[in-house]
Amino acid sequence: MTPAVEPPAAISAALTETNVRVASDFSGAQIVLYGAVFDPSRRPADVVVIVRGPEQPVRIARKVKVGPLWLNSRPVVFHGAPGFYIAASSRPLDDIARFRVLRELGAGVDHLPIRAPAEQRIETRYGVRDVVVSRLGSDYLLWRRAVVRLKQDLGLYSEDQRGVRFVDRGLFRAEIELPARAPTGEYRADIILFQDGVPVSTRTRTLTVEKVGIERTLYVLAHERPWTYGVLSMALALAVGWGASFAFRRR
Amino acid sequence: MDIYLPIAEVSVNAPLLVALGALVGFISGLFGIGGGFLMTPVLVFLGIPPAVAVASMANHVAASSMSSVIAYGRRRAVDWRMGAVLAAGGVVGGFLGVELFRWLRLRGQADLVVSVSYLVFLCVIGGLMLIESLGTILRRRRGQLPKPRRDRRPPWLYGLPFKVRFPRSRLYISVIPPLALGAFAGILTAIMGVGGGFVLVPAMVYILRMPAPMVVGTSLFQIIITTAMTGIMQAGRNQTVDVLLSILLLVGGVLGAQYGARASARLRAEELRAILALIVLVVGLRMGLGLFVQPDEPFVLMSGIGG
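Residue numbers (the working numbering), protein chains in the order written: chain A, 1 to 251; chain B, 1 to 307.
Bear in mind the hints are in silico, worked out from the structure with no lab data behind them. For every residue, glycine included, the Cβ atom is placed at its ideal position computed from N, Cα and C. Hints are supplied without guarantee of correctness; some may be wrong.
[Stated by the list, open to error] A short list of chain B residues far from chain A (calculated; beta carbon distances all over 12 Å):
id, residue
1, M1
2, L5
3, V42
4, A58
5, Y72
6, F95
7, G135
8, L138
9, Q144
10, R209
11, G253
12, V254
13, Y259
14, S264
15, L267
16, L272
[Said to hold, decoys possible] Examples of chain A residues lying across from chain B (beta carbon under 10 Å, computed):
id, residue
17, S24
18, I60
19, W70
20, P92
21, R115
22, P117
23, A118
24, L141
25, L142
26, R145
27, R169
28, E215
29, V231
30, A239
Excised from the complex, chain A in its bound form (with noise of 0.2 Å):
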């Protein structure tokens, strides 16, 4: 008997919402994933859902003694970072894949592909050619941490190894927790289907977080007629300010 007769093993997955609203009450929202997976060979399964938000790029400084005083460090620039970023899974993800098939999937907060452009040269090193080196030189890998941490501790970074539960043969369930600083934008939702150590289906689904009502209409003004909206919050201000002191007057 070959394998080979048999479909290959698939994944399908739904969101519960696409669409996220942020109006004045939002407060952050939580987000329901559905999915299946369709294998006639059962053979052991493991599903990775990674959650990506809008690129922003960070500035980082790193606090540096001079004399008494504690002082920010020139800051540096890291691109390709995320404004949300949460990886889901159905066991530790050291588990269900080896190290280099998780950095090309960017799966796991250590596997974000951020970098320092501006920090970066190319030279040759040792007789070899392009070696790309970084200005931060060994310490590159701990302002590399220390982006994920700052960001882990907003909540805007996280890893849940047991995000993801099977609720019944083949049907699995994931819950996505958004804060309500989570940047607005169009994010990006990859199921990531895992047999024995290798992704061997995914499907990508996305999500929209965005501003309504007042919410938009002040955000879309203030960005697009920034004089106009200073000028008329400013004239708001002083108005209340004014009609506020002729209301005390009259007690």
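Following the hints, put chain B in place on chain A, whose structure we already have.
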């Protein structure tokens, strides 16, 4: 009851902001300061990005100063002409300060300058005011006569050209010192996110030697103009003014400012100054402490807005 702020892009507790606005408004009306030096650190502590906190605060301070100035104006306690001269300097200083602040932000040193400014200015001014006001209070307790005010003003106030008469303050001095003072306060407005009242009030008392009843109202008048210009510039250049945030703070702020202005009439001037000095000292020390303590987290994310 949480509310999502459209520009700051964070969710905050609305009643808490109103209460904070009321408290700062009360202090603002009581002492004739903008209250920004209190408000900005608290807003940042609540998780609002510093750039948004500084910019939105300008709107709030302008409005609560507006309502206080009218209250002071009715008591004929505003020297409009002196206020206008100070404000003219303030607008120029504001422009300079905004440029300076942008340059510092690019170099990642804005945090440092903000902390050092808070530490130096607040501690020096708070300390001086505390010593002076406690001295006055002690002398009164002992039943001594108040130290006669030295009416001999520093000669350089008279030696400078462009003399102008300020009838309300009974002064006939050059416009250069008030202009320079206003410009200095303007620079502080842009860098520290404050109205500059905590510098103006003592400087008007001790350097310009304005009559005490005029000082608070005049300082508030200058603050309105400087913060209004700064607020509009911040919105126009950096898009960091959150109108929802400033309105929430305002609702409490205008109420607080009214009560503050009334309460100030009941307290003695030196007692007022002693309380203000203590508040200023505590905030200055708290802000500056971070410079000397080894940080738990050796890295710091810089605000992405405008950067």
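Each hint tested on the structure:
1. M1: violated, 9 Å
2. L5: violated, 8 Å
3. V42: holds, 18 Å
4. A58: It is violated; B:A58 is separated from chain A by about 8 Å at its closest Cβ, not greater than 12 Å.
5. Y72: violated, 10 Å
6. F95: It holds; B:F95 is separated from chain A by about 15 Å at its closest Cβ, greater than 12 Å.
7. G135: Correct as stated: the minimum Cβ-Cβ distance to chain A is 32 Å, above 12 Å.
8. L138: holds, 35 Å
9. Q144: Given that every Cβ of chain A is farther than 12 Å from that of B:Q144, nearest at about 39 Å, it holds.
10. R209: holds, 29 Å
11. G253: Given that some Cβ of chain A is not farther than 12 Å from that of B:G253, nearest at about 8 Å, it is violated.
12. V254: At roughly 4 Å from the nearest Cβ of chain A, B:V254 sits no farther out than 12 Å, so the non-interface label is violated.
13. Y259: B:Y259 not clear of chain A: closest Cβ-Cβ about 9 Å, inside 12 Å.
14. S264: Since the minimum Cβ distance to chain A is about 14 Å, B:S264 lies beyond 12 Å and the statement holds.
15. L267: Fine: 19 Å to the nearest Cβ keeps B:L267 off the interface.
16. L272: Answer for B:L272: holds, closest chain A Cβ roughly 21 Å.
17. S24: At about 5 Å, which falls below the 10 Å cut-off, the nearest Cβ of chain B leaves the hint on A:S24 intact, so it holds.
18. I60: Constraint on A:I60 satisfied, holds at 6 Å.
19. W70: holds, 6 Å
20. P92: violated, 26 Å
21. R115: A:R115 check fails; min Cβ-Cβ to chain B is 16 Å, beyond 10 Å.
22. P117: The hint is violated - A:P117 has no Cβ within 10 Å of chain B, the shortest such distance being about 17 Å.
23. A118: violated, 13 Å
24. L141: violated, 12 Å
25. L142: Since the shortest Cβ distance to chain B is 8 Å, the answer is holds.
26. R145: holds, 9 Å
27. R169: violated, 40 Å
28. E215: Since chain B brings a Cβ to about 4 Å from A:E215, closer than 10 Å, the hint holds.
29. V231: Constraint on A:V231 satisfied, holds at 6 Å.
30. A239: OK, holds: A:A239 within 10 Å of chain B, min 8 Å.
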